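Using the hints, position chain S against chain U.
Those sequence lines, one after another, are chains U and S.
55 is the number that the numbering used here gives to position 55 of the first sequence; each next residue is one higher, with no gaps.
Going from the second sequence to the numbering used here is simple: count from 1 and add 98.
No lab work stands behind these hints: they were computed from the structure.
Keep in mind that the hints are not guaranteed to be accurate.
Computed footprint of chain U on chain S; a stretch qualifies when at least three of its residues, placed anywhere within it, have a C-beta under 8 angstroms from a C-beta of chain U [what the hints assert, rightly or not]:
id : stretch
1  : 115 to 125
2  : 151 to 159
3  : 190 to 201
4  : 230 to 236
5  : 241 to 252
6  : 312 to 324
7  : 496 to 505
Values in this document were obtained by computation on a predicted structure and should not be read as measured data.
We treat Cβ as the ideally placed atom computed from N, Cα and C, and that holds for glycine.
Chain by chain, the residues:
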Amino acid sequence: MSPSLEVGLYVFVLATFLGLEIIRRVSPLLHTPLMSLTNAISAITIVGSILVAGEQKSTLSTVLGTLAVTCSMINIVGGYLITYRMLRMFRKSGKDRR
Amino acid sequence: MIDRAIPLLYIGAAASFILALKWLSTVTTARRGVVVGAAGMALAVAGTLMKPEIESYRWIAVAFVVGTAIGIPMALMPMTAVPQRTALSHAFGALAAALVGTAEFYLHAPAIDRFTMGALVLEVLLGFLTFTASLMAFGKLQEILPTRPITWRGQNILNFAILGVAVASGAYLVARPDAIRLFPVLGGLALVFGVMLIIPIGGADMPTVISLLNSYAGLAAAAMGFVLDNKLLIIAGALDGSSGLILSVIMCRAMNRSFTNVLFGAFGQVQATTGAGEEQRAVRSATPEEAAGVLQAASRVIVVPGYGMAVAQAQHKVRELYDALTKAGIDVRFAIHPVAGRMPGHMNVLLAEANIPYDRLVEMEEVNSDFPQADVALVIGANDVTNPAARHDTNSPIYGMPILDVDKARTVMVIKRSMSPGFAGIDNELYYLDRTLMVFGDAKAVVGNLVKEFAGGT
Numbered sequence: 001m002s003p004s005l006e007v008g009l010y011v012f013v014l015a016t017f018l019g020l021e022i023i024r025r026v027s028p029l030l031h032t033p034l035m036s037l038t039n040a041i042s043a044i045t046i047v048g049s050i051l052v053a054g055e056q057k058s059t060l061s062t063v064l065g066t067l068a069v070t071c072s073m074i075n076i077v078g079g080y081l082i083t084y085r086m087l088r089m090f091r092k093s094g095k096d097r098r
Numbered sequence: 099m100i101d102r103a104i105p106l107l108y109i110g111a112a113a114s115f116i117l118a119l120k121w122l123s124t125v126t127t128a129r130r131g132v133v134v135g136a137a138g139m140a141l142a143v144a145g146t147l148m149k150p151e152i153e154s155y156r157w158i159a160v161a162f163v164v165g166t167a168i169g170i171p172m173a174l175m176p177m178t179a180v181p182q183r184t185a186l187s188h189a190f191g192a193l194a195a196a197l198v199g200t201a202e203f204y205l206h207a208p209a210i211d212r213f214t215m216g217a218l219v220l221e222v223l224l225g226f227l228t229f230t231a232s233l234m235a236f237g238k239l240q241e242i243l244p245t246r247p248i249t250w251r252g253q254n255i256l257n258f259a260i261l262g263v264a265v266a267s268g269a270y271l272v273a274r275p276d277a278i279r280l281f282p283v284l285g286g287l288a289l290v291f292g293v294m295l296i297i298p299i300g301g302a303d304m305p306t307v308i309s310l311l312n313s314y315a316g317l318a319a320a321a322m323g324f325v326l327d328n329k330l331l332i333i334a335g336a337l338d339g340s341s342g343l344i345l346s347v348i349m350c351r352a353m354n355r356s357f358t359n360v361l362f363g364a365f366g367q368v369q370a371t372t373g374a375g376e377e378q379r380a381v382r383s384a385t386p387e388e389a390a391g392v393l394q395a396a397s398r399v400i401v402v403p404g405y406g407m408a409v410a411q412a413q414h415k416v417r418e419l420y421d422a423l424t425k426a427g428i429d430v431r432f433a434i435h436p437v438a439g440r441m442p443g444h445m446n447v448l449l450a451e452a453n454i455p456y457d458r459l460v461e462m463e464e465v466n467s468d469f470p471q472a473d474v475a476l477v478i479g480a481n482d483v484t485n486p487a488a489r490h491d492t493n494s495p496i497y498g499m500p501i502l503d504v505d506k507a508r509t510v511m512v513i514k515r516s517m518s519p520g521f522a523g524i525d526n527e528l529y530y531l532d533r534t535l536m537v538f539g540d541a542k543a544v545v546g547n548l549v550k551e552f553a554g555g556t
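Next up, chain U with everything else stripped away, as it sits in the complex (with noise of 0.2 angstroms):
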């Protein structure tokens, strides 16, 4: 096993673990934007995909790496706005939604 390979698993299993805690705690009550949140987040696909549309090595690379771009983009703005949005709507009794 190489040494990057060992760490990346090291770091993966670490991650996994770390969010079950942290999931774990998420109130019931936000869901939908954790759904969300997480969406947004996993769109982080979008490091690979930049680097494949930028570094223009074939015609095909190219382009599959600009639709990927696009795909995340889409995923990094809806998720986060919708996220936010969500949370803008929860409010406590005897306060207005601002």
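Positioned in the frame of chain U, the structure of chain S alone reads:
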């Protein structure tokens, strides 16, 4: 020089994502979480754009503009459409992973080492199957496709065969990276499997399926991280994967089902046959006027909203009723079943949108002990989650499913369009209890009348 800072930006991004999810745990800090998450994404994008490998920014810029132009309207969809919107964005996320994997394969094959190939195969397999599966889920939620499960003999065997051949071609590619022609087979089968996976799944199981697809999309991103040796991708993908996993476990538990049962059990089918042949039983029906009278005499009311309320667009009328009752000094709370709505937590968002305070929304475990003290349980558009058969009738398809103990309230009031059975096709014995009053009609109109009659009577 500048590119030495890139790893630092990535570490900053990873930390922001973790903080974002941590702050999402309570309503008061959640908005801060979103802002931090967005800032983390900005760091990651900025860091990537600084990479020296990038030759040209032209197509990246075009994709940014197009993606933003599509992303904004997708953020402005109505709250009732959030489940299908989420399915669609799972499709986009998974497609991005699959396309990058495909590009990487054709750029480097056959000079790809075994491990990278393994990760790449996983990325492409999960990416493509999640892409089509999410599109199918979108179609079912949007009701472009039939929401009833569609099954046929040998379906599971066929599906396993498709997945099996796909996995086998992937494994062969890992062993023999020069078998380039197998790659389209892998991708194609993954696309087909995604479609086949969702065909037998009914609308009632969509909350579980969406959560599962959320998990897959995250794992595809993590696999991409292994291919590109990028820890940020691995972390973000793992967070998303674990979140989807937790949500699907919660959804499964809320329906007393197992994963295998959701994916291969074809729910609604079994139920279509049960309950048939039973004789007509008597129900007590009431007019909105009579119902309003019962509410006036109450001091504690628990409202049980279901997706039917949202279909009838009755949320805002329900808010008016909440206001009227509260003003009259009646304690009103809302009992939220975990699978109320069409995705995890959906009902909370729908009620919050109608401006109902979130501290009035109570989860099932918490509220169930309060039903015996409630004067009225008002069921609006909910069905299976209130069916007492789940507690005692071992023959019922929903036996064992945790339900809201609505039948323990002094009076149960059910607003319903007709006596037809619900989403899962099961007759609800709650409707035949002596303490149950049925108020027939469109939820929006009935609740509107209730508000009027209630105000008129005080």
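Hint check results:
no., hint, result
1, 115 to 125, "holds (count 9)"
2, 151 to 159, "holds (count 7)"
3, 190 to 201, "holds (count 9)"
4, 230 to 236, "violated (count 0)"
5, 241 to 252, "violated (count 0)"
6, 312 to 324, "holds (count 9)"
7, 496 to 505, "violated (count 0)"
Checked against the numbered hints above, the structure violates hints 4, 5, 7; every other hint is satisfied.
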